[in-house]
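Participant: Each protein sequence line maps, in turn, to chains A and B. Using our numbering, read the first sequence as starting at 2 and increasing by one per residue. Using our numbering, read the second sequence as starting at 2 and increasing by one per residue.
By construction, these hints were calculated from the structure, which means they are not laboratory data. Mixed in with the good hints, there may be bad ones.
What the hints assert, rightly or not - Mimicking BS3-like on lysine-lysine, the simulated pairs with C-alpha atoms at most 30 Å apart in a straight line are: (1) K224(A) - K488(B); (2) K406(A) - K282(B); (3) K480(B) - K406(A); (4) K537(B) - K406(A); (5) K507(A) - K406(B); (6) K406(B) - K492(A); (7) K492(B) - K488(A); (8) K492(A) - K492(B); (9) K488(B) - K492(A); (10) K318(B) - K318(A); (11) K406(A) - K471(B); (12) K318(B) - K252(A); (13) K318(A) - K488(B); (14) K318(A) - K507(B); (15) K252(A) - K492(B); (16) K507(A) - K457(A).
Keep in mind it's a predicted model, so treat the numbers as computed, not measured.
There are 2 protein chains.
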Amino acid sequence: MPSYSAPVKDMQFLMHEVFNIAQMDIPGYAELEPDFTAAVLEEAGKIASNVLTPLNAVGDAEGCRLENGVVRTPTGFKEAFDQMREGGWPGLDMPSEYGGQDMPHVIGTAVGEMFSAANQAFTMYQGLTHGAASAILAHGTQTQKDTYLPKMVSCQWTGTMNLTEPHCGTDLGMMRTRAEPQPDGSYQISGQKIFISSGEHDMAENIIHLVLAKIPGGPEGIKGVSLFIVPKFLVNDDGSLGPRNSLSCGKIEHKMGIHGNSTCVMNYDGATGYLLGEAHKGMRAMFTMMNEARLGVGMQGLAQADVAYQNALAYAKDRLQGRAVTGAENPNGPADPLIVHPDIRRSLMDQKSFTEAARAFMLWGAALIDRAHRNNDAAADGLVSLLTPVIKGFLTDEGYDMTVKAQQIYGGHGYIEEWGMSQFTRDARIAMIYEGANGVQALDLVGRKLASDGGKHVMAFFDLVKTFIKENDAHPELKTQFLEPLKSASKDLQSAAMFFMQNGMKSPNAALAGSNDFMHLFGHVCLGLMWAQMAKTSFAALATGTSDTAFHQAKLATGRYYMQRRLPATALHLTRINSGAAPVMDLPVEAF
Amino acid sequence: MPSYSAPVKDMQFLMHEVFNIAQMDIPGYAELEPDFTAAVLEEAGKIASNVLTPLNAVGDAEGCRLENGVVRTPTGFKEAFDQMREGGWPGLDMPSEYGGQDMPHVIGTAVGEMFSAANQAFTMYQGLTHGAASAILAHGTQTQKDTYLPKMVSCQWTGTMNLTEPHCGTDLGMMRTRAEPQPDGSYQISGQKIFISSGEHDMAENIIHLVLAKIPGGPEGIKGVSLFIVPKFLVNDDGSLGPRNSLSCGKIEHKMGIHGNSTCVMNYDGATGYLLGEAHKGMRAMFTMMNEARLGVGMQGLAQADVAYQNALAYAKDRLQGRAVTGAENPNGPADPLIVHPDIRRSLMDQKSFTEAARAFMLWGAALIDRAHRNNDAAADGLVSLLTPVIKGFLTDEGYDMTVKAQQIYGGHGYIEEWGMSQFTRDARIAMIYEGANGVQALDLVGRKLASDGGKHVMAFFDLVKTFIKENDAHPELKTQFLEPLKSASKDLQSAAMFFMQNGMKSPNAALAGSNDFMHLFGHVCLGLMWAQMAKTSFAALATGTSDTAFHQAKLATGRYYMQRRLPATALHLTRINSGAAPVMDLPVEAF
């Protein structure tokens, strides 16, 4: 049975040695001293390891069951959800006026990684609630906030987001769900939504659905879409639960993974709904949820990669098979452990060098969000907006690959469900798809984000890399081992951006044909930047004296692996991008 | 529900226009005229599409059940197996003296691809029988051949291979299963074997297990392993079935995929077995099965990629979502089909350019095997032996990735089991693991095959590439579009081989740290060579006049995609190989 050990030490290193968050000029960050964050992270880690991890296989094996319109979650989920509520975890980074703990997003992200790693299907119930609450917080009236937020912040009520319909996923302009205005100012919502995560379940008193629908007579297409609050039970003025709304779960899907989360077909049959935000501006409100959700999904890629890696590593140290090519390393045993073999080591280093840098990337992104929100910093907002599709797309593509590598280390046992490695792969697979499939992320990056505000944000990113290199190039080892490879990778990224600028206007296909490669190229440069920053910290720690020499030496060795073995992928991505539209688009549709 | 259309046209193109098999000086090949092979392939294609494809989802959903020691296969499997037997398909390329049809391996490979694509779990029952029969054919006494082969060639009896034990998979020297010699010349086999595909089922009268075990007093380790024939029912002298042998299926595994195939724990409790081949030379006999099985597994990678691609393509043409960036292509519809989007096209081209070249590679490899066996050609034998780990490892790694890409095209529907795309991914996953995990293939390639016979076979491969380039470089388009990229990729492969030669002796880790990259580099060069050969054929057909212009133009466009977008991966693999052992091995085990 797999286990999970929360990466508290690594997170502390990132927060306090690499990023020095307590010194950042962001409101609320001064309190994030090492002792404080350690206490939070250790407590979260215990819940992840002791409460959520044991339920992960249970959720996978049992799945959810739909019985007479009610979804039964797997054995133990309800009790664990109560425990999460009692600990106040769902409201960790929500405002205290609605019962939250006011902590910055950077802490929510670190804790979220642990919960996701331990049990992705379970953690989605509160993750979606968080997203729905954020949308109400940003766009709701004061009455709506007062009605829903206290219960949602505590997860007494949970939330969902309803976008997809059978005939439209990405292309929401084709939506058919209707919202008929009523004399009392409410709306009657009718239509069918599919793929609704946590759409129905038995762990909360009420479920607050946020539903996209069209008000008849509004603009055509995506501009005529509005967002509605549609509670499972209507809420009386005194906050008590009123009658059951006209909505139901028609079916739950049988999926490849995340079996513990109920994925519902939701039918709205003239259900009472309340407009959230402005009419016809539903996409804007929905994007509040979506951007948060996309970062959360990127984090899932990292989280599954990390838990899979931890178990692969334990197996590689434990399983005896073959002898080291350079001579027996376990001469008294019948064979050496798997980890002596270079190709096993190569796979473990792929995983380790990814997860540690991805974690840095996530925390850096989270701090940018805090800066954007808490300091009203437009530059930080623009940068994190640019990076959002990279975090979502790159970390989930790579995260999935890492779970496949981890599974491979188990050999035949990796394919047998009882060992648990298959579940990491199957669960990680969804992250490449939901909240905008990764092709849509690449399109968003190249088609929208790259040129937004006149390309200001991507220029800011390049400046940031350049400045870091310039400021630190006096350190010879940092320079040769980290800064030079980073510089070369960053040049590849700049060349690719240049190619799009020169060709994208006259041939949009030339840019879009390279969009997936650009997203990966960008992701590698980001992880390369993270490694360079971590290496700077570790070189400094080793030079000035540290009680943890082995930790910093391991960081440097892992970082060097990334710079030498992973980062050079940027050149391949650039080659593909430079080949332009022709290879991709030459074949006529009918010739496929 | 997914469908499958047998690639008869593509196979005919490869056999008769690219490789001209009927003109090859291999005994039995002269009969392989286009009309004849078309008849065989079309008939096989009908069975694949109409009989095996509909059972694929059934097998996945129902799986196998162990009831009172008997394994029940999914609904319809038994009837389909009868149909396969009646059609004589299992013995297609087996000797006529045992009831087979004497066809060359190249035909067996083409037909095998179809059956695997349609239903991998089902096809494994006969695939393993074929492998076991081949081992008896190569190493059995005349009595053994007469006793077992007629029934196995017809699949009246099926076969298995028993290698793995709970504590040893790759490292078979640690085997504990014992074979005690009996006065009558037979052996009593005792021990437990795991991961035995088709180990027990209800589709055949008898199951002939080939079991590796150690005869007490023999050499230590792998050199003391012998191979035994251990039938489920003992066979009387007149060929009728005798008493049940002392062996049983203790458990069937719950796996990620190939649910329709029973993966058994087999317990041998003093079961009667008969030595196959020489005592203590069991590995040699087992390798007859293993090499055949490895090529068959490589084919599974291609097969799953192809069927997944076919369904992804159909979906991409059918599903309306969004508009082409260059203007609506389906202006009267609510949206354009997915295939208009460059990133969807990129994914489809990845898949198409892989499967078509992989198919060529498989058929070329099969023809080499025929030449090795039927002409006793040592050069062909050496070359195919070198290519076997590449076929197994590269085609299954890439094949799996292609199923993931195909699944991605379905968006959320790809994650829902009823659409069938998840099954292709889950089934394809096993091919990277069984018959020697791909890391073992890479080790076999770099540690053994590369330098075997003084490196003669890899030099022959380089010569073959060089000669092809030289002989065809008068054609300007072939030269610039295909031969030059192939030359560059082949140079990368030669540099990598050179790096291993220069560094491998003093630091074996330097070679093994790059083994996975070398296997992939080699695979890309092979597919590049296949594309160059196909392009030569298509350029010639277009120049001399063909009734099928569109087919040949599509070949060229698809090939150009491979050369421009996929083949440049060789440079990245070389960069990684050249980084040597240090990045991979620097981190001490205790620092992980």
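Participant: Against this structure, judge whether each hint is valid.
Facilitator: Verification of the hints:
1. K224(A) - K488(B): With Cα atoms ~53 Å apart, K224(A) and K488(B) exceed 30 Å; violated.
2. K406(A) - K282(B): Answer violated: K406(A) to K282(B) is near 34 Å, above 30 Å.
3. K480(B) - K406(A): At roughly 38 Å apart (the allowed maximum being 30 Å), K406(A) and K480(B) break the hint.
4. K537(B) - K406(A): It is violated: about 38 Å lies between the C-alpha atoms, which goes past 30 Å.
5. K507(A) - K406(B): Holds, at roughly 29 Å.
6. K406(B) - K492(A): holds (29 Å)
7. K492(B) - K488(A): holds (27 Å)
8. K492(A) - K492(B): holds (26 Å)
9. K488(B) - K492(A): holds (27 Å)
10. K318(B) - K318(A): violated (48 Å)
11. K406(A) - K471(B): violated (40 Å)
12. K318(B) - K252(A): holds (28 Å)
13. K318(A) - K488(B): violated (42 Å)
14. K318(A) - K507(B): holds (26 Å)
15. K252(A) - K492(B): Between K252(A) and K492(B) the Cα gap is close to 56 Å, so the pair fails against 30 Å, i.e. violated.
16. K507(A) - K457(A): The given pair, whose Cα atoms are some 21 Å apart, holds under the 30 Å limit.
Checked against the numbered hints given earlier, the structure breaks hints 1, 2, 3, 4, 10, 11, 13, 15 and satisfies all the rest.
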